[in-house]
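Visitor: Sequence:
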Amino acid sequence: MYQIVDSFKSYLSVLGYSSGIQSMLPACIHDFLEYGQYSSIEEIGPVDINLFYEWLHERPLKRGEGGLSEMMISHYVYALKVFFSWQLETGGIAINPVSVLKFKSPERGYREPLTVDEIQTLFNAAFTFKEYAMLHLFYSCGLRRSEAVWLRLSDVQFRHRLLYVRSGKGARRRVIPLTGKVADSLEQYVLQERGTARYTGSSFMLNRMGRAMTGKNYVSLLKSLLRRADMCKDISPHYLRHSIATHLLQNEMSMEYVRDFLGHQCLESTQIYARPGVHQLQAL
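The sequence shown finishes on residue 284 if you use the working numbering, and the numbering steps up by one all the way, no holes.
Since the hints were made in silico from the structure, they are not lab data. Where is the CB? At the ideal position from N, CA and C, for every residue including glycine. Incorrect hints may appear among the rest.
What the hints assert, rightly or not - Under the rule of at most 27 Å between Cα atoms (straight-line distance), these lysine-lysine pairs were calculated in the DSS-like manner:
1) 223 - 233
2) 216 - 130
3) 223 - 181
4) 233 - 130
5) 9 - 130
6) 130 - 102
7) 130 - 181
8) 102 - 9
9) 104 - 130
10) 81 - 130
11) 216 - 233
What the hints assert, rightly or not - Pairwise CB distance ranges (calculated):
12) 103 - 181: 37 to 45 Å
13) 152 - 90: 50 to 58 Å
14) 2 - 228: 50 to 58 Å
15) 14 - 195: 51 to 59 Å
16) 69 - 146: 14 to 22 Å
Generate coordinates for the entire structure from the input sequences, incorporating the hints supplied.
Guide: Here it is as structure tokens:
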């Protein structure tokens, strides 16, 4: 029965879905088949899918506390729609059991990530070493705001092009490799701008008063840059992290790599960023 999951993944590959989607949708279908323990696809009806949908709202996370988010549940719904549409097209079933069901919309509160062009606009608008460094910390390195606040000078190894996150969420640590461009930009900030401040502490980035940057300072710096770039968007530093995660998955980076890059404990958190494209949704 589970061989059909591999066939489904091959189908997604032929259609040109991103590697993130190719991993996420089959995983969702595997969970569905495991939940129902069906002997054949033909026996699955709307009632079975509805029971699974209700179970998803009660199911705890596989790792960690809490339950699935509405966005994650929407990924399961999307997987079921694509899967049964494929089965109908290929003659695996005579009636699509999903077509008669209606599901709660999860889109409220979701914001599309910045496009690559919008990210480039922000970099083009930056003219201080500090602004470049801030963009690289949140976008190029994918840091959380708290991780940037706690980042120390000793955590960035320019010679080896590595950034150490020692105070990640859940006390998890990780190492982020830096490209030459990112390492040079961060080093230029340290040498040309940070070095002029009258501060002897260990924080990597400093505010205008020469003290360690706070989360509020980072938000203010980003808002100033957005105004200069003439971008009418109300976004936070975390939004840059959201954007790099989406861009990596769109460029065929594996879900496991992006999970480790972001410092997620489990793939369920990373899968939120593996959203299908608009053209894929419209095709359903």
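Visitor: Indicate, hint by hint, whether the structure satisfies it.
Guide: Hint check results:
Restraint check for residue 223 and residue 233: the C-alpha separation of about 9 Å stays at or below 27 Å, so the hint holds. Under the criterion of a C-alpha separation no larger than 27 Å, the hint pairing residue 216 with residue 130 is consistent with the structure, at around 15 Å. Annotation: proposed proximity of residue 223 to residue 181 holds, straight-line Cα distance about 24 Å (limit 27 Å). This hinted pair checks out: residue 233 and residue 130 have alpha carbons roughly 21 Å apart, not beyond 27 Å.
Distance restraint check for residue 9 and residue 130: the Cα-Cα separation of roughly 44 Å exceeds the 27 Å cut-off, and the hinted pair is therefore not satisfied. A hinted pair counts as satisfied when its Cα atoms are at most 27 Å apart, and residue 130 with residue 102 does not qualify at roughly 49 Å. A distance of roughly 15 Å separates the Cα atoms of residue 130 and residue 181; the hinted pair therefore holds under the 27 Å criterion. Only pairs whose Cα atoms come within 27 Å are accepted, and residue 102 paired with residue 9 is accepted, the gap being roughly 25 Å.
The hinted pair formed by residue 104 and residue 130 fails the criterion: a straight-line CA distance of about 43 Å is larger than 27 Å. Distance check on the hinted pair: residue 81 and residue 130 sit about 46 Å apart at the alpha-carbon level, beyond 27 Å; violated. Taking the CA atoms of residue 216 and residue 233, the gap is near 17 Å; set against the 27 Å cutoff, the hint holds. Under the hint 37 to 45 Å, the C-beta atoms of residue 103 and residue 181, about 43 Å apart, fit the expected range.
Taking the beta carbon of each, residue 152 and residue 90 are about 56 Å apart, inside 50 to 58 Å as hinted. Against the hinted window of 50 to 58 Å, the Cβ-Cβ separation of residue 2 and residue 228 comes to about 53 Å, which satisfies the hint. Taken as a hint, the range 51 to 59 Å holds for the pair residue 14 and residue 195, whose Cβ atoms sit roughly 54 Å apart. The hinted window of 14 to 22 Å between residue 69 and residue 146 holds, with their beta carbons roughly 20 Å apart.
Comparing the model with each numbered hint stated earlier shows that hints 5, 6, 9, 10 do not hold.
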